[in-house]
Structure formats: structure tokens, C-alpha cells
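S.K.: As a plain string of letters, each chain reads:
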Amino acid sequence: MKNYSVLSKKCFLMLSLCASLVVNAQAEETIKVGVLHSLSGTMAISETTLKDTMLMLIAEQNKKGGLLGKKLEAVVVDPASNWPLFAEKARELLTKDKVSAIFGCWTSVSRKSVLPVIEELNGVLFYPVQYEGEESSKNVFYTGAAPNQQAIPAVDYLMNDLKVKRWVLAGTDYVYPRTTNKILEAYLKAKGVAKKDIMINYTPFGHSDWQSIVADVKKFGSAGKKTAVVSTINGDANVPFYKELGNQGVSAENIPVVAFSVGEEELSGVDTKPLVGHLAAWNYFMSVDTTKNAAFIKQWQDYIKNPKRVTNDPMEAHYLGFNMWVKAVEKAGTTDADAVQKAMIGVEYPNLTGGIAKMLPNHHISKPVLIGEIQDDGQFMTVWQTNKVVDGDAWSDFLPDSKPIIADWTAPIQCGNYNTKTKKCSGQNY
Amino acid sequence: MNTLPRCYFLQCVSYLLLVFSLSFISAAEASDSVASLQASLGLLKQTSMTARKQAITQLGEGHQPRSLAILHALLVGQLFIIKSTDKMVIAEAQAEQAFTVYEAESNQDLGQFSGAELSKISLTNALRSQVRKLIAELEINAEHPATRLAALKECDATVDEHLLSIIKARLPIETDAQVKQAIQQVLLLQHMTQGAKGERIAAIKVLKNEDSLAVVNQLKTFVEKDSEGQYLETDADIRHVAEAALTTITQRMQWYAGIETIFFGLSLGAVLVLSAIGLAITFGVMGVINMAHGELMMLGAYTTYVLQQLLPNHTGLSLLLAIPAAFLMSAAVGMLIERGIIRFLYGRPLETLLATFGVSLLLQQLVRSIFSPLNKSVATPQWLSGSWQVNDFLSLTWNRFYILVFCLVVFVALMQILKRTRLGLEVRAVAQNRTMAKAMGIPTARVDALTFGLGSGIAGVAGVALSQITNVGPNLGQAYIVDSFMVVVFGGVGNLLGTLVAGFSLGIANKFLEPFAGAVLAKIVLLIFIILFIQKHPRGLFPQKGRAADS
Amino acid sequence: MKHLLFAHHDKFSRTIVLALAILTIGIPLLTLLTPVESVFHCSAYTLSLLGKYLTFALVGLSLDLVWGYCGILALGQGAFFALGGYVMGMYLMRQIGARGVYGNPELPDFMVFLNWQELPWYWLGVNHFGVMLLLVGLVPGLLAWVFGGLAFRSRVTGVYLSIITQALTYALLLAFFRNEMGFGGNNGLTDFKDILGFNCQSEAVRVALFFLSGLALLGSYLLCHAVVHSKLGRVVMAIRDQEARVRFLGYRVELFKLWIFVFAAILAGIAGALYVPQVGIINPSEFSPLNSLEIVIWVAIGGRGTLYGAIIGAILVNYGKTVLTGLLPEAWLYILGSLFVLVTLLLPQGLVGWLRSYTKERSA
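Chains as they are written, first to last, in the numbering used here: chain A, 1 to 430; chain Y, 1001 to 1551; chain G, 2001 to 2364.
A couple of the hints might just be wrong.
What the hints assert, rightly or not - Rough simulated footprint, nothing fancy, chain Y against chain G, three-plus residues with beta-carbon under 8 Å:
1) 2157-2163
2) 2166-2175
3) 2331-2340
Claimed, not checked - Computed list of lysine-lysine pairs in DSSO-like fashion (alpha-carbon distance at most 30 Å, straight line):
4) K1180(Y) <-> K163(A)
5) K1053(Y) <-> K218(A)
6) K165(A) <-> K196(A)
7) K1133(Y) <-> K1180(Y)
8) K298(A) <-> K1120(Y)
9) K1083(Y) <-> K292(A)
10) K165(A) <-> K1053(Y)
11) K331(A) <-> K71(A)
12) K138(A) <-> K2193(G)
13) K182(A) <-> K2011(G)
Claimed, not checked - To be clear about the criterion: a stretch of chain G counts as covered by chain A if any three or more of its residues have a C-beta under 8 Å from a C-beta of chain A, and this derived list gives those stretches:
14) 2038-2048
15) 2089-2103
16) 2180-2191
17) 2253-2262
18) 2273-2281
In case anyone wonders, no lab produced these hints; they're calculated from the structure.
Even glycine gets a Cβ: it sits at the ideal position worked out from N, Cα and C.
Please work from the sequences and hints to get the whole structure.
M.R.: What follows is the structure, given as C-alpha cells:
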């Protein structure tokens, strides 16, 4: 008999565990906003800043009186750089916390992991990082750059202004560099660059011993033709890469490196001497001199209580995404996902660097493209920029498989993967 | 994606100004070189890069005595404008945000200024190479032979008519033998393409003994075919001579490439050895599986960062000071871990793994809380950057070279401590037979703490070295921990020499595999090799008897 | 068989069996029978979360068998888990068929994207459910058999064995990261649509998966329990305690070890296969040495050499992680880290050992 009481206690415990996860009665007074960025693990280095940016933006909005007469409330979770955990936490945010929108993810794999959950539960996700394209979900708004908003203009600049004839496409071995390099290779070949003048190299994440690869790049670049490196090398591997370049005597004047993942924040953790003169292509630089940008930088530095903290491109993407979401919610008069998704398209908000960002029917936004040279203070000097904003293109025109595909979330197409040749919508989960 | 210039308005204004100042200059040139200098500087002050380009060209043409100094300052980013007076100055950094300022035109000392009062004249890549070329041109006639030599080296690859005439003019008046030879080589390179057939063949035959990339590239054009399959070089004799010359040079290049690969391998090995050798003590000698070893390295790297923050203007000194500081820091933390946790776990070696894994999580998060999760910038002193350029085909980077030396020094020092000091004797005694050592009156508890401290301290020292080649951030340790364990196990637990040999051989093997297999596959191959090797030799390269051997 | 499966259970073991049985049957029943608004209705989130814990418990259980009973501290148990997961992932990928982004009926999207013309040979056949089931056990089992066979025959023991198991999972991690391998590189396999024709995201499938996870755990627990209480189990424990003596007694030590090692690898593979459809993604980070270390931690915290300790440890640590990453995103690592340190220091036999001595004291 005694045994039974222990057992029933155990059962009760188990059930209450289940129940406690379900019930978490919420007072419906605030509008909840999910922040899904890694605060520990390998990605914490990049994502923590975005969490702080979101908290700042939400606090700012609350100072202005909130949204629809309610206060905004941030729900911060830590997916700990663990991809399955991203999906789990997204589900937690949507079902348990019932957030109206999620701002989060950095790596492509984290987005891919979250995607089925967001689509199943009809959430709204704002993804703030430059990425490989080839995707457009009803539930995701891509506020970072698509390849045509970063990679192609950068290559154009190298080709036209620096007269580059030989190309090294170096990247970390994952989907973003693979896609970007594939697009660039097709683009370069279309421009008449011979196969032997393109060198492609992939390295693992966090690669730290660049001696052999830099020596190869040097050899490749010493053939008498102007050579440039297009780098899609990810995060942590960059510092040893640039250090090795500098030490082996590869300067930006001989072989410039244009990077798509090196921004102000990455530079703040680096001895910039070996990097001076190398290039980066983004849609935002902290050094761009506009009053809006100055105000944003001041707001950020005041918020984080550090006058030396820098701002960067993904932060601007969240700034745009958040403000667009606010406008869309006001337009729709509700935070209901379907209404907001509909209202989002066509919403405009000024970029920090000038021009107007507009949410396009393919859920990407229009942005200016800037190319900057790294200065020794860790800032970029803009050396080139597009004269007007460029529309983000979800499906690249330089890949044969993607060329006929478009994304359009307005009637009558209503599809993120619409083949204009076969008139079919494929790969959708609804 | 139409590319229009950045800002029409600015562009137009600067163009007008340019025209205006050009006319102004042409008037002034004859009368006063100072006025022309001022005009160039005025142009330089503008933000338009076109104006700056023009200004730089003028600085080169004018031959004013100050041009060279100004160009040098411009190149290294020491040319500033005082915001209040709009005066062009050369500023030397004294401390953070404090500069000693000299007037650009007169070199007159204007005293101290803060960074906020100055605005820098920045350059783009195109301008930077223009300045560099200009300096080289001006310095071909410089006073010191070494400067002249460097200048000639600089213009080696790209010689245009103008530069060639300067170099030719220098030859008859050159006194220094080395410089003379360098000039002749530049001229020979010209002879290879232009001139009579005999002259060209002679030039090729002389130059094939030179280790010069310019020569190789030139020779390659002789044997290249155009798109229709026709040789670019029409003379068959020259082609044959060029081919023969290329073969000899290529042989030498391969030889140098081999040396380079060995060097790369040794330096990779040095990093492996440095990160593993502390572990070889805590793991090998004491039998503690210290998962926090990587974090102890991370502490060493952060110590370097902190010291650099304390001594912002003495990068080199702070780095040297960081070596003992990091040792003490990591040793202290290590001893704390030993006294607080590990000493309760002796005899349960596998459980030390769990506890120290917890410690590693704690240390990582602690660093994140104190220093933020962002990477920290650790500066590299001048003497650690750049490379030792043996010739065009072989250069050895200084930082790798020093790390290799440093690794050997640390290893020798450690061996001496273990072999010749009392502590070393006690450590070895405890490692071989704890109970017997205790019976002989050796304070085993103290020895344990000191041994663990020693191993941890070495990890800290390794962290200083790592701060020079990789990111300093909370994840630093994790990147190395698995590799470190492999090295120790491959070398044979409990044997420091084994760790050294294992680290270097894995490094060299990796670098020889990398060209064929790629970085990832090379690593996979080595891991499989280690797995198979352990099957054949279950106690690693150098099996060791003792306490650890039984666990 | 019945005698073996249900005999020798002490009080704790009986409790855990009952609790697992109730959980396995109760939660699916409650979810299916109660309306969505009810307190007792487990949401999809809770279901897949609990299901995930159960698969973790299963892999913990498999490690306890090799570590707690055979004395092999395998730092690569995650590799077998991930391999099982990949087999399941491949099956699910093949079920997508022409519904992928590029609409290719044969090739998964990532292969179309990387210009693969046809399926590599190792992808053939996994689209059949039966073949997949077979491979879930076969692939990890085979790897364990080859690896263990080599290692045990050449008498690699102790830390050497631990470190080379770590090398194994590390090598697999690097290999699966390579896009050329044909396993989707860093992104891994994701965006699954259905399983045996049923929508992966439907409640019925979730319930079924949860039920299967519970059943697998319960079954494996009983099986493991039977194994360790059989004669074979006693030999294995003798090997753990005094390998040389057992060998001198004439036992082929390496065969016993291999048996246990392969058996545990198959269990881990099954756990992985159940894990993947519930979390919706499998990618190379599952091979990371840190993941395998974590499994060791679960077992240590629960209490090793008890089987049920591994289950309790896995569930508790992961439940703690779920709660803390949401509640204290900035501080949860402090708590987790201190927990590991404190448990090793204060509870060398894990929570179960402490509970046991506590109840013993009380009854005494």
C-alpha cells in the first residue's frame, strides 16, 4: 500500500510537469515580442548584440506609448547556438508565450530549423542577416541582404573600378557561401572570366590555420593579373585569415579582399592593422553621415552605456524590421498574424543611410548597397554606393534552376516559389 | 544597379576647385615652390578622392624637400588636419588620443593635441598604391643604399617608361654594389622582352638564376599560347631557352615550396604542442581529465588583452609581460580548481572530467559576463607581424616563427623543471607511486596542487601565443580542447617528449595532406590514423609506466 | 524471457517502470481524449518536448550500459545517436518527393542545388520504411562492431579508449559537415513533410511518436535490465571490475565488451531515429564531442550503473535546460555548470545513489 502512494505522487508529478508546460496563464495586457537569439555557445558573439538592439527598440517604442494602446513586452529566450533548440524555442514562444512576432536567428541553419515551426503555427519571423536567398516563406520577412544586394554589386565594383581579372572565391563550407559562390561563378563566367581565372576554396567553421591557403592565394595572385578575393568566410575564421594575409605580405593593394560577413562589430574585436584597405559590402555602415544614423548610434550607445560600442548592418535590419512591423500592426489594427503579413507588404520606412526601405511582395526589402574600405579605426570608408535602393531578389537570376522562379505574396500568385514557366507553385507547406 | 558617382554635387564642386587650383598652381610654380606645396596640401584637404589623387601627383612632381615626409606620413596614416585652424599636420601618437603634432610644411613642433581636435586624411587602396609608387620613385635617389634598394624592390613588378628613365639615370652615378646589381636586374628584365635576340637570350640565361616572380611571370608569357593556339612569342629559339629556364626555376620553386610546407607544419605543430603540453602534465602526469584546460588557455589570452589595455602604447612590452602574468593567472585558477574540486576526486579520474566540464561552462560564462561575448582585439607588436622574405618564393611569417621558438623554449623549460628541480622530482615520484612517495615524506597534497598549477600555468602561456594568431573570445578554449587530447593520447599519456613529437608530426602530416585533400579531409584522415594507430599501439607513441598508465 | 524481463526489479526499478508506462500510455490518451483547451491536453510543444526527453533518456540508458556496467567511458555515444537520426532523416527527406523547393521527384533540394545528377548509392532504398528501420539499427551497430572489434581486440582501455571514441565522433562531425558527402552539409536534413504518409506535424503523428519513444524507452529499459541481470551481465560487470582476472578465467573478454557496445549503439541509433521527426532537423552538430560529453553528464548526474539513474538524469538535466534557457537566459550556464561540479563532488553515485542511501537510512 505504501508503494502506491509513492507511485501516485510520481504520476502526479509527471502530469503536473506536463501541465505546467501548457498552462501559464497570461494576462492579456501587453503585446509580446519574441527575441530568439543565441546568448551562449558559438553564435553568442554575434547574436547577443541583436538581442540588446531589440530590447532597445522595444523600450523606445514603449516610451512613445507602445502599440495599439498596449505596452510591448520582450520575451527573451536562449537557443544556445543549438539548431534543434531554435525550433523548440520558437514553438515555446508561439504556443506558450503567444508572441505576436519573433525577431531572431542568425545562421541559415537556425532559420531552416525554425521555418517549419513558424509555418505550422502561422507566426511572423523577422530575419535580419544577409543570406543566400532561394527561399521566401509566407511567415518570414527577410530584412537582411539577398545575394543581389551584396555580392553582385561588390563584384561589379571590383571588376569595373579595380579592374580585377582573377578571382578567388573563398568561403566557409555551408549553404550561404556555397550559394553565393555559385551565383558569382555563373555571373563571372557570363562576364567572360575564364575558368582558370577562378579559384574556389572552402574551409570548415572556425578554421584557424590559414597558412597553406593564404600561400595558395598568393601564388594564384602572383600571375601578373589583378586578383581579388571574394570572401564569404564566416565569423571567427576571419581574424586568423586576415592576420595570415597581413603576415604573408598580401596587402589590400595587391590582392584586395571583399567580405560579406565582416562588419563593424567583428572589426571591434580585431587588431585592424592587417585589414586596412580591404573591402566589405553591406547595406549599412556606421560611418555613413546622416542625421538619422547619428541619432541611432547615440541612442544605442546611451542604451548600452558604452560610448565605444559600434552599430552594424544586422542591427539596422532589425531596426527596419521592427519599425515596419509597428507600422503594419498599426495599419492592420491588430497583431493577428495573417492581417500583419498582409499589411507588411508595401510598408515603407526610411533607411538609416538614406533612401526608403520598402517591404516587397517577396518579403524582402529594398536597400542601398555600399562598399567600404576598412580603416584603421575599425570603421568603413564608403568608396562606392548604388545611386538608388536595390530590390531584394529571393530567387537568383544567375542560377538556371531558380531563374524562372519568383516569390509574390500578393494576390493572385500568393506563393513564395512560383514557377513562371510551368505556372506552378511548389515547395509550400499549405 | 547603375553605378553613378557617389555625390554629384560634391563631385562637381571638387572638380571646379580642381580646375581652379590647377590654374593657380601653374601660375605659382615658376615663382615659388612653397606656394605649390601649399596648393597641393589644399587639394589634399578635400574629401574628394579625385582631388587627393591630383594632390599626390603634384607632390611627386614638385620635388619639394617636404614632399617625401608628407607622403610617408600620408601612407602610414599620420597626416591630419587640425579642425580649428584647418592646418595640415603630421601627428605622432603618444598615448591613446594624444598626439604630438608637427606642421606639415615646415616640420615645426606645434605641441600636443587630442584625437578629437584632429581629423585624419584617409586614403583608398588606389591612392595608397599611388603614394607607395611615388615614394619609391623619389627614393631611388635617396641617401641610404638600403632605402634605395627597398625602393627598387618596390618598383620591381611594375616599371613604366617614366620610372625606367629614372632608374637608367641612376645607374651611372650609383656607387653601392648591391643597389647597382638590383638596377641591372630591373634592366635585364626589360632586356628579356625588348632588344635583339642575342641580348634577350643572354638576359634569360642570367635571370634564370634569380628567384624572382617577375622573371617567372615574364618567362611564362614566352611559352603561352593565345586563344587560336599560336605562341605569343614568335621566335622558337627564345621559346626553347625560356622553357629550359622555366624548368630550372620551377624545380627551385618546388624545393622552396617543400621547405615552406615543412615550416607551415612545424608552426601548426607548435600551436598543437603549446595547447597540449599543459594537458600532458595535468592529464598525463596526474591522470586528471581536465576539460577546463581550454578555458585556462582562454584566461591566458584575456590576460594579454587586459595587460594591453593597461599599457596601451607598449604593445611589445605588454605582450612580454603577459607571459608571466598569464602563467600566474591560469596557475592560480588551476590551483583553485585543484584545491576546491579535483583533490576530492583522486582515484576517480573519469569523474574529474565531469566536474571540470562544469568548471569550463562556468569560466566561459564568467568571461562572457565580464568582458561581453564579443571578441576582444589584441594588438600584434611590429616585430611579430610581417614575414622574413627569403626570396620571392619563400617567406616565413614572423609570428609563426616566434611561436615555434616559444614552443621549444616552453618545452625545454618544462623539461628542466621536471628533471632538475625538487618540485620536478616530487612530481615524478608522486606520478610513479603515490603511496610510496607519501611514505617517503613527500607532501603529496601540495605537490598535486603545484603540479596542477604548473600545467594550468602552461595553458595560460599557450593562451598568450594563441592571442597572436586567433580570436580572443569566450569560445577560444573549445576550439583547441579536442585536438589537445588527441595530441597527448597519440604521443603517449605521461610522456612530454611524446607530446612534442606527436604535435609536430601531426602538424607536418596535416600540412602535407592539405594540398591534396583539403583542410577538412586532411583532418579526418589524421583522426582515423590516430584511431588506427592506437589499435596497434594502445599506449601511444611513447608508452609510459606509472600511475596514469594503470587507470 | 518473461522471467528475465520482469524479474530482479528492486523498488526503484519498479517505480520507474510504472512511471514510464503511465507516462507512455497516459499522456497520449489524455491528449487524444481531452479537448484542446483542457489543462490535461498536452500541446504539440509539450508533446515533442517530452518526446525529446524520452529519446535522450534512451541514449543515456545505452551509455549507462557501456559505462556503468562495462566500464567503457564512451565519449562518442552521440555519434551512434546521430547516425540513427541521419538514417531517419534520409527516409523523411525521400518522402518529400516532388514537393521540394525545386520540385525534383528524386533528389532532395540540397542535391539539386549542388548539381547532383543522381542519388548516391547510400541514399538508395532508404525511402522504404522497412529498410529504414533496418538501417537505423544496422548502421550504428555496424560502426560499433568495426570500431569496437578493433579496439577491444587490441585491448585499448581507459582514457585511450575514451579519447579515440571522441576522435571517432569528431571525425564524423567533420565528415558530415562536408557538402560533398551528400548529407546536406551544415544545414543537415530538415523541412520534413510526412512519415508513412501521415503529416509530420499532425497531432496524431506527434502522439504516435511520443508513444513510440516511451515504448522504446520502456522496452529498452526492461531489455537492458534483463541483460545486466543475466549471466552475460554478470560477466560484463566482472570485466568492469577486474578485466584481467576474467580473462584468466578463460572468458573472451573482447567479445563480451563488443556485444554490449554494439547493443548500446543500436539503442542509441533507435533513440536518434525517434528524436529526428520530433525536433524536425538533424544536422552535423549532433556529432559534436560536446553533445556526447553531455550524455555522460546526464548519466553521471542521475547515477551510473543503475540504468534508471540514466533515465532520471537525462530527463532532469534537459528539463532544467528547457526551463532555465527561457527563464534565465543569461545565467543558466552558471547554474548548469555549478550543478555538474556539485553533483560530482557531493553525490558521487548521482541523484539515485543519494536517494537510495537516503531511503536506506530511513528504513534502517
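S.K.: State for each hint whether it applies.
M.R.: Cross-check of the supplied hints:
Counting residues of the region 2157-2163 of chain G whose beta carbon lies closer than 8 Å to any beta carbon of chain Y gives 6, which reaches the threshold of three, so the coverage claim holds. For the region 2166-2175 of chain G, the stated coverage by chain Y holds: 7 residues have a C-beta nearer than 8 Å to a C-beta of that chain, and at least 3 were required. Counting residues of the region 2331-2340 of chain G whose CB lies closer than 8 Å to any CB of chain Y gives 8, which reaches the minimum of 3, so the coverage claim holds. At most 30 Å may separate the alpha-carbon atoms for a hinted pair to count; K1180(Y) and K163(A) exceed this at roughly 34 Å.
Between K1053(Y) and K218(A) the alpha-carbon distance is near 28 Å, which keeps this suggested pair within the 30 Å criterion. Taking the CA atoms of K165(A) and K196(A), the gap is near 11 Å; set against the 30 Å cutoff, the hint holds. A distance of roughly 20 Å separates the Cα atoms of K1133(Y) and K1180(Y); the hinted pair therefore holds under the 30 Å criterion. At roughly 22 Å between alpha-carbon atoms, K298(A) and K1120(Y) fall within 30 Å of each other, so this suggested pair holds.
Restraint check: the Cα-Cα separation between K1083(Y) and K292(A) comes to about 24 Å, which is no more than 30 Å; the hinted pair holds. Proposed proximity of K165(A) and K1053(Y) is supported: the alpha carbons are some 24 Å apart, at most 30 Å. Between K331(A) and K71(A) the alpha-carbon distance is near 17 Å, which keeps this suggested pair within the 30 Å criterion. For the suggested pair K138(A) and K2193(G), the alpha carbons sit about 17 Å apart, so the restraint of at most 30 Å is met.
Taken as a hint, the K182(A) and K2011(G) pair is broken in the structure, with Cα atoms around 62 Å apart against an allowance of 30 Å. Residue count for the region 2038-2048 of chain G with a Cβ under 8 Å from a Cβ of chain A: 9. That meets the three needed, and the coverage hint holds. Under a criterion of three residues with beta carbons nearer than 8 Å to beta carbons of chain A, the stated coverage of the region 2089-2103 of chain G is upheld, 6 such residues being counted. Counting residues of the region 2180-2191 of chain G whose CB lies closer than 8 Å to any CB of chain A gives 6, which reaches the minimum of 3, so the coverage claim holds.
Given a C-beta distance limit of less than 8 Å, the hint that chain A covers the region 2253-2262 of chain G is violated, as 0 residues qualify and 3 are needed. For the region 2273-2281 of chain G, the proposed coverage by chain A is satisfied: 3 residues have a C-beta within less than 8 Å of a C-beta in that chain, meeting the threshold of three.
Checked against the numbered hints above, the structure breaks hints 4, 13, 17 and satisfies the rest.
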